[in-house]
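**Q** Each chain, letter by letter, is given below.
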Amino acid sequence: MEILKCENISKIYGAGETEVRALDKVSFTVEKGEFVSIIGPSGSGKSTLLHILGGVDKPTEGKVFIDGTDIHSLSEDKLAIFRRRQIGLVYQFYNLMPVLNIDENIALPHLLDGRPLDKERLDSVVEHLGLTDRRGNLPSQLSGGQQQRVSIGRALYSHPAILLADEPTGNLDRKTGEEIIELLKESNKKNEQTLILITHDEGLAMQADRVISIEDGRIIKNEKVRNIV
Amino acid sequence: MNNKKIVFKVTGTYMRRNKKRTVITFAGILVMVILMTAVFIGKDTVMDFIRRAVEADQGSWHYQVYDVDGNIVNEIAALDCVDTIGVSRPLGYTEFNKSGNPDNTPFLEIKGYSDKLFDWMNINVKEGRVPQNDSEILISERAIKEGSDIKIGDTIDIDTFDRYIHAFYKEGEEEKIAQGSEPGGITFFSGFTVMHGDTVKLPDHFGYLFTNADFEVIHVPAGLKKTVTVVGIMEAPYYESEGQAGYMALMKTDMAVAEDEQVNIVLTTDLKSKDDAFAKIAMILDSHRSEEEREKVRSSGAAYVTEYGTHIPIEDGRIVSNGMLLTFASKGTDGNLNSLMIFAQAFFIVLITAASLVLIYNVFSISYNERARYLGMLSSVGATGKQKRWSVYYEVFSLLIPALPAGIILGLLVVKGGMSLLYPHFADIISMIATNVITGRSCEIECNLVVNPVNIIFIILFSIIAVWLSALIPAIKISKVGPVESIRSGEITTVKKKKGFRTLLSYMKKGMPEQLLAAASVSRNRYSTKGIVRSITAFTVLTLVTAFAVRSFSDIFRSKANREEFIPGEKYQGYAYSFGVDDDLQFYSGVNDILTSDELDGYTVMNYSYFKYNIAIGDFTDEFYNTLKTLLEMYFPGGIPELIVSNYLEPDSVWGNPEVNMLTISDEEFAELADKAGIKTEGLKNPVLAYDTVELTTDEYKFAFEGAVTPDYTNYQLKRVLDVKEGMSFNMLTTDYDAENEEILEVDIPVTFAGYLTAGDLEEYGSFHGKAFWLFVPEETYEYLRNNTPDDGMADIGVRYILFNVNNDDSSLIRRLSQIKNEYGDSALSSASMLSEYTDFKTAALNILSIVSVCFTILIAIICLLNLYNSVMGRRLARHRELSVLDSMGITKKQKAQMLMWENIRLLAKSFIYSALITAAFVVFLRVVLNNRFGRMVFTLPVWMIVLTIVISCGGLLTFTAVCYSEKRKNELIDEVRTEVV
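Line order of the protein sequences matches chains A and B.
So the first sequence is numbered by numbering that gives the first Met the number 0: it starts at 0 and just counts up by one.
So the second sequence is numbered by numbering that gives the first Met the number 0: it starts at 0 and just counts up by one.
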């Protein structure tokens with residue numbers, strides 16, 4: 000079942016001589032529960048694509064359908080509500096709320112959606128992440144790996160339909176990075192969440208169901224992993 | 000290029016990149032310089048304006064000295080502090096055949112003026128010119144107004160005389176005197192007394208008298224006999240009153256004074272001289288007295304105590320100073336006023352410095368991260384702490400250099416513009432005083448900036464000190480930035496503690512993410528919120544402390560201003576005419592005329608009395624007694640003399656007890672007033688209400704005793720001083736004279752004390768001051784008191800006016816009432832504008848200073864609001880990533896707005912708590928200092944200012960939040976963040 004569909008997405012920065020085409024007519028689809036890796040060198044347009052898929056940025060041309068809804072046709076507030084219900088974003092630099100502790104950061108998207116706290120579920124997520132003894136700490140009091148766990152904890156707690164991860168291990172050591180990928184995969188399998196992972200680590204990308212390669216804003220490969228293998 | 004130059008260059012680049020922040024810092028420093036200029040130049044300009052207003056009204060002379068001979072004139076002229084001397088010769092009276100009012104003013108009262116006096120005494124020639132030789136004369140316009148047909152070119156034959164009065168002995172009095180009794184005397188309204196059997200010269204400007212059974216008026220030739228030509232008509236000089244027997248006429252006189260001649264001199268002094276001119280002149284006069292004369296003066300009046308403690312007998316009225324002029328030229332004998340002005344000036348400078356300190360500190364504090372980054376980098380290439388410190392000084396002083404000339408020029412424009420804007424208000428006050436009270440004429444006073452070079456130096460000096468102090472802490476902090484700081488980037492929240500924070504479960508359980516975010520942001524991110532809290536606190540504290548200080552200075556000034564005991568309020572305003580006669584029959588006949596007239600268009604009755612009754616000191620509280628004793632001890636540090644004790648503390652006569660002032664109101668008004676104050680008066684017999692405040696001040700007492708000193712101005716305001724419970728009675732004391740036994744008897748009239756009224760309760764009736772205890776009585780009690788008060792010659796127990804309007808310009812009622820004269824021969828009908836006579840120059844000055852203070856507070860508020868804007872903007876920039884995260888998580892606009900609102904509520908609450916604590920500490924300190932210096936005073940609370948400050952704080956924060964967090968700003972902010980990094 001198709002959950003995400005991109006149609007001819009282009010993103011252009013600047014104009015005239017300074018014009019930069021970050022994405023050039025990108026089209027692809029993703030099935031529900033699928034794990035897709037997007038790989039490509041720096042400046043290839045991976046992060047721009049992820050932001051457009053997450054509704055954080057707008058394409059210059061083209062459409063993004065999530066569950067059949069053209070997300071960029073929504074009003075700003077409707078898009079915000081759509082985003083908090085359907086999308087979970089995991090960034091390289093974690094992007095946690097610096098003033099909230101672990102518990103609060105994990106529960107925030109859920110609370111913003113007007114849903115009351117499910118304390119038991121929160122406790123189990125925190126325990127699962129191995130952060131029980133640090134739950135009162137602010138992000139600045141945590142290591143990089145711990146912060147990324149919190150970031151994933153948000154996705155585990157409010158289980159959005161699509162999880163978009165932008166280089167989630169790029170700032171972590173190998174061992175911690177592996178742990179984080181395991182958590183993401185677990186969330187993908189356990190909650191049937193669609194996972195789109197941006198990375199330039201080919202090894203990591205190969206753990207996905209499908210790999211999309213981007214170069215100069217264009218898709219140059221879009222293949223199932225077993226085919227590659 | 001050395002390291003310091005590199006630091007300066009990098010700092011300069013940083014300033015150019017962060018234009019907005021640099022501009023705000025510059026604006027703050029600029030406003031600070033403007034304020035400094037306003038304080039120094041504004042104070043001098045306002046004082047100069049008031050001084051010239053006083054000059055325009057009372058003349059530009061500084062001192063007048065009466066009855067001095069040639070030797071004394073020479074000695075006074077030789078004083079270093081004396082600038083210029085003019086001579087005024089009282090030439091005597093002459094018959095004035097052309098008088099239009101021969102029954103009351105049959106003479107010309109002639110004075111000879113040397114040249115300068117025509118200017119100094121504000122002689123305003125309406126027509127013609129001033130006399131240029133001793134055959135010419137200038138006549139008062141009053142003569143023409145009262146019907147004389149005198150005109151320029153007319154000649155007058157003058158044959159001058161002095162007026163003497165001889166009081167006859169009463170029948171059998173001489174025998175009694177021979178047996179040792181003291182002779183009786185005649186005391187006139189002006190206070191002039193002549194003892195039976197004596198022949199004395201009448202004082203200048205005395206009213207017309209004719210011989211009767213009690214006294215004889217004698218005209219003694221003064222020797223000037225000639226024909227003079229009228230060359231000009233002048234406005235009535237300020238000293239000419241309607242009651243005097245001669246119209247003022249001026250001739251020119253020369254400066255030479257013979258040794259045996261008695262003249263008056265008028266002089267100006269060198270205002271820069273530190274000498275006490277009054278004391279120097281008093282010493283010269285005293286040195287020419289015989290021991291007998293000296294003793295006589297000493298026993299009849301006060302001694303002037305010089306700053307060295309010398310007691311000079313002065314109280315024979317021979318030295319008159321233009322007190323107001325000297326006070327506003329900072330040379331008054333009233334040192335407290337000057338010290339109050341200097342205290343106020345110092346206070347405002349401290350406030351300005353505090354405001355700019357908070358602004359500059361905040362600017363550096365909120366941009367610490369950016370600075371840490373570039374200074375850390377410089378540190379890594381060898382910049383020392385001193386060089387980093389200099390980056391801060393470079394930034395503030397490079398802004399101060401252009402701000403100084405610009406600020407001084409703008410400050411001068413602000414003062415000039417402010418004075419021009421306020422001029423109509425000033426002119427109203429000044430002309431009201433000048434027109435109605437003293438001279439009866441209007442005056443135009445220009446507003447000139449007074450720019451003293453010394454003040455400019457002070458402005459520059461204090462601005463440098465303020466900026467240096469403001470930059471000191473940031474400079475020390477920044478000098479400690481190490482290379483590692485440049486590596487850290489974008490740390491929004493710096494948490495020193497290792498322990499975690501308690502989860503705000505209550506908000507989470509209730510599903511209140513906006514409140515959760517707000518609470519967490521304000522309580523956990525002090526780094527970015529403390530700038531805002533500091534700004535609001537600074538704004539609130541500085542504004543309120545300024546308001547409290549201004550209010551306190553005003554309270555002191557007001558209490559110091561010797562205002563009338565009673566300043567009528569709204570209830571007695573708005574009437575064109577007032578009618579009042581002491582004679583009962585005439586009063587009631589006049590009142591009847593008014594009340595039955597078809598022309599009457601509204602009226603009210605004002606009935607008050609001063610010092611008619613006393614209340615036994617035993618009926619007052621111990622606090623009152625002890626305060627009175629403390630006050631008296633200030634006059635007599637060596638111990639209070641027995642005579643003073645028996646006159647004030649343990650009175651042996653009715654008059655030694657505290658006095659009572661009384662305002663009578665209608666029974667209905669009394670009931671309303673009591674009701675308003677929550678006092679029950681039903682069933683009380685002869686009820687009275689009392690004002691709850693009494694002021695015991697050093698201005699109320701003067702002692703001429705040996706050993707009495709003149710204490711610094713002190714004011715004790717006491718509340719609820721009557722030691723009588725509500726509903727209980729106490730006695731109003733008065734006296735009766737037992738002619739048979741030649742004895743003064745005490746008369747006690749019991750009344751019932753109903754309760755206390757506050758100033759607020761009495762607002763519509765007026766304001767009440769002084770050491771006398773104010774009582775408010777209904778007509779019923781008034782009649783009771785009247786009936787029980789022995790008739791000792793006074794027809795009434797107070798002053799009664801009926802204030803009214805008429806509906807007709809040519810009113811027969813007004814014509815008829817104009818014929819009724821009061822006891823002193825003046826018309827019983829007068830303009831009700833007399834009520835505004837209670838305003839005096841000090842009150843005017845108070846109003847002007849209040850306006851200036853409000854302007855000052857506004858400017859201080861501008862610095863603080865700039866600071867607040869800067870802090871809100873700084874926090875917005877620091878939260879860029881935080882807000883982006885919220886956006887990515889799907890926060891809606893409404894939720895964001897709610898979050899910001901809850902944050903603001905928390906920030907305001909936090910700021911107001913700090914503000915209340917700091918303001919309270921400042922206010923208590925200020926009050927303690929002022930009370931120690933000026934006495935125990937009750938200071939009023941600037942309630943409206945508190946409300947206004949809170950409203951502006953809330954409005955300012957909400958507005959700035961709306962501006963800084965608006966969507967339009969979003970893009971700009973991203974750009975700013977990019978350019979924040981050097």
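In case anyone wonders, no lab produced these hints; they're calculated from the structure.
Careful, some of the hints might be misleading.
[To be verified] When the alpha-carbon atoms are kept at most 25 Å apart in a straight line, the in silico SDA-like pairs for lysine to any residue are as follows:
#1 Lys895/B to Gly144/A
#2 Lys893/B to Gly32/A
#3 Lys628/B to Asp554/B
#4 Lys200/B to Thr228/B
#5 Lys57/A to Gly601/B
#6 Lys57/A to Tyr964/B
#7 Lys893/B to Asp56/A
#8 Lys77/A to Leu356/B
#9 Lys273/B to Asn73/B
#10 Lys118/A to Lys529/B
#11 Lys529/B to Leu356/B
#12 Lys508/B to Val55/A
#13 Lys509/B to Asp56/A
#14 Lys895/B to Glu16/A
#15 Lys150/B to Asn96/B
#16 Lys892/B to Glu222/A
#17 Lys529/B to Leu223/B
#18 Lys892/B to Lys174/A
#19 Lys509/B to Lys220/A
#20 Lys118/A to Asp808/B
#21 Lys415/B to Asn454/B
#22 Lys251/B to Asn454/B
#23 Lys611/B to Lys529/B
#24 Lys62/A to Thr47/A
#25 Lys509/B to Phe92/A
#26 Lys611/B to Asn454/B
#27 Lys892/B to Ile218/A
#28 Lys385/B to Arg372/B
[Said to hold, decoys possible] Derived coverage of chain A by chain B (criterion: at least 3 residues anywhere in the stretch with Cβ under 8 Å from a Cβ of chain B; other residues may be distant):
#29 10-17
#30 85-99
#31 114-121
#32 125-135
Even glycine gets a Cβ: it sits at the ideal position worked out from N, Cα and C.
**Q** Against this structure, judge whether each hint is valid.
**A** Do the hints match the structure? See the list:
1. Between the alpha carbons of Lys895/B and Gly144/A the distance comes to roughly 29 Å, so the proposed pair goes past 25 Å and is violated.
2. At most 25 Å may separate the alpha-carbon atoms for a hinted pair to count; Lys893/B and Gly32/A exceed this at roughly 33 Å.
3. Only pairs whose Cα atoms come within 25 Å are accepted, and Lys628/B paired with Asp554/B is accepted, the gap being roughly 23 Å.
4. Our distance criterion of 25 Å between C-alpha atoms is broken by Lys200/B and Thr228/B, whose separation comes to about 28 Å.
5. Distance hint between Lys57/A and Gly601/B is unfulfilled; the C-alpha atoms sit about 77 Å from each other, more than 25 Å.
6. The straight-line distance between the Cα atoms of Lys57/A and Tyr964/B is roughly 21 Å, inside the 25 Å bound, and the hint therefore holds.
7. Note on Lys893/B and Asp56/A: the hinted pairing holds, with a Cα-Cα distance of about 20 Å set against a maximum of 25 Å.
8. Proximity of Lys77/A to Leu356/B is assessed by CA-CA distance (about 46 Å); at most 25 Å being required, the pair is judged violated.
9. Among the hinted pairs, Lys273/B with Asn73/B is consistent with the structure: their alpha-carbon atoms are about 21 Å apart, no more than 25 Å.
10. Restraint check for Lys118/A and Lys529/B: the C-alpha separation of about 33 Å exceeds 25 Å, so the hint is violated.
11. Pair hint Lys529/B plus Leu356/B holds up; C-alpha atoms about 15 Å apart against a cutoff of 25 Å.
12. The suggested pairing of Lys508/B with Val55/A is violated, with an alpha-carbon distance near 29 Å, which exceeds 25 Å.
13. The straight-line distance between the Cα atoms of Lys509/B and Asp56/A is roughly 32 Å, outside the 25 Å bound, and the hint therefore fails.
14. Between Lys895/B and Glu16/A, the direct Cα distance comes to roughly 38 Å. Violation of the 25 Å bound is thereby established for this hinted pair.
15. Of the supplied pair hints, the one linking Lys150/B and Asn96/B holds, its CA atoms being roughly 13 Å apart against a limit of 25 Å.
16. With a CA separation close to 40 Å, the supplied pair Lys892/B and Glu222/A exceeds the 25 Å bound.
17. Our distance criterion of 25 Å between C-alpha atoms is broken by Lys529/B and Leu223/B, whose separation comes to about 85 Å.
18. Straight-line distance between C-alpha atoms of Lys892/B and Lys174/A comes to about 40 Å, which puts the hinted pair past the 25 Å bound.
19. Simply put, Lys509/B and Lys220/A have alpha-carbon atoms about 49 Å apart, too far for the 25 Å limit, and the pair is violated.
20. The suggested pairing of Lys118/A with Asp808/B is violated, with an alpha-carbon distance near 87 Å, which exceeds 25 Å.
21. The hinted pair formed by Lys415/B and Asn454/B meets the criterion: a straight-line CA distance of about 16 Å does not exceed 25 Å.
22. Distance restraint check for Lys251/B and Asn454/B: the Cα-Cα separation of roughly 42 Å exceeds the 25 Å cut-off, and the hinted pair is therefore not satisfied.
23. In summary, the hint linking Lys611/B to Lys529/B is not supported, as the alpha carbons are separated by about 62 Å, beyond the 25 Å threshold.
24. Only pairs whose Cα atoms come within 25 Å are accepted, and Lys62/A paired with Thr47/A is accepted, the gap being roughly 14 Å.
25. Of the pairs offered as hints, the one joining Lys509/B and Phe92/A is violated, with about 30 Å between alpha carbons and a cut-off of 25 Å exceeded.
26. With a C-alpha separation of about 52 Å, the suggested pairing of Lys611/B with Asn454/B is violated against the 25 Å cut-off.
27. Among the hinted pairs, Lys892/B with Ile218/A is inconsistent with the structure: their alpha-carbon atoms are about 35 Å apart, more than 25 Å.
28. Our distance criterion of 25 Å between C-alpha atoms is met by Lys385/B and Arg372/B, whose separation comes to about 17 Å.
29. Using a Cβ-Cβ cut-off of 8 Å, 0 residues of the stretch 10-17 of chain A lie near chain B, which falls short of the minimum of three, so the contact claim is violated.
30. Three residues within the 8 Å Cβ limit are the bar, and the stretch 85-99 of chain A against chain B gives 8, so the coverage statement holds.
31. Counting residues of the stretch 114-121 of chain A whose CB lies closer than 8 Å to any CB of chain B gives 4, so the stated coverage by that chain holds, three being the minimum.
32. Residues of the stretch 125-135 of chain A with a Cβ under 8 Å from some Cβ of chain B number 3, which satisfies the need for three, so the listed coverage holds.
In this structure, the hints that do not hold are numbers 1, 2, 4, 5, 8, 10, 12, 13, 14, 16, 17, 18, 19, 20, 22, 23, 25, 26, 27 and 29, in rising order.
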